[in-house]
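Participant: Sequence:
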Amino acid sequence: MSENAAVAAYRAEAVAALGLPADSATEAFAFGDGGALADELVETFVAPLLAVDDRFAWDEGEGDRTRTWWLDAHRRYFARRAAALGLAFDEAASPLLYERFEMVHKAGQPGQPVRRSLNM
1 MSENAAVAAY RAEAVAALGL PADSATEAFA FGDGGALADE LVETFVAPLL
51 AVDDRFAWDE GEGDRTRTWW LDAHRRYFAR RAAALGLAFD EAASPLLYER
101 FEMVHKAGQP GQPVRRSLNM
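So the sequence shown is residues 1 to 120, counted in our numbering.
Be aware that a few hints might be false.
For lysine to any residue, the following SDA-like pairs were computed, each having C-alpha atoms within a straight-line distance of at most 25 Å [said to hold, decoys possible]:
| no. | residue 1 | residue 2 |
| --- | --- | --- |
| 1 | Lys106 | Glu43 |
| 2 | Lys106 | Asp64 |
| 3 | Lys106 | Ala8 |
Bear in mind the hints are in silico, worked out from the structure with no lab data behind them.
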């Protein structure tokens, strides 16, 4: 199955699982009518690791959902990734891109939408 066919199959599965009409339009798009406005409207932010707040850590849903747990796990992860790439990682200064999104369907699983936030 080619990538495009796989995407089409996933979209058909999601539409069916969410009880939407089979001809529901699905597309990727940016908010606003230009790059600057799209950047302003999107719910992402760039900040160092230590800038994460309790709500973001809770929403991500990992571990015990505390900021302390989140920082410890992500500190180890980003230090490991930076080392593998030959980069220095400074938890107080290295910029990370944080993103919030809503997952509305997980492949192969019918049912209610799931809300999660993830960092990138």
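Participant: Next step is simple, just say for each hint if it's right about the structure.
Facilitator: Going through the hints against the structure:
Restraint check for Lys106 and Glu43: satisfied, since their Cα atoms lie roughly 21 Å apart, inside the 25 Å limit. Among the hinted pairs, Lys106 with Asp64 is consistent with the structure: their alpha-carbon atoms are about 23 Å apart, no more than 25 Å. With a CA separation close to 15 Å, the supplied pair Lys106 and Ala8 stays within the 25 Å bound.
Violation of the numbered hints given earlier is absent; every hint is satisfied by the structure.
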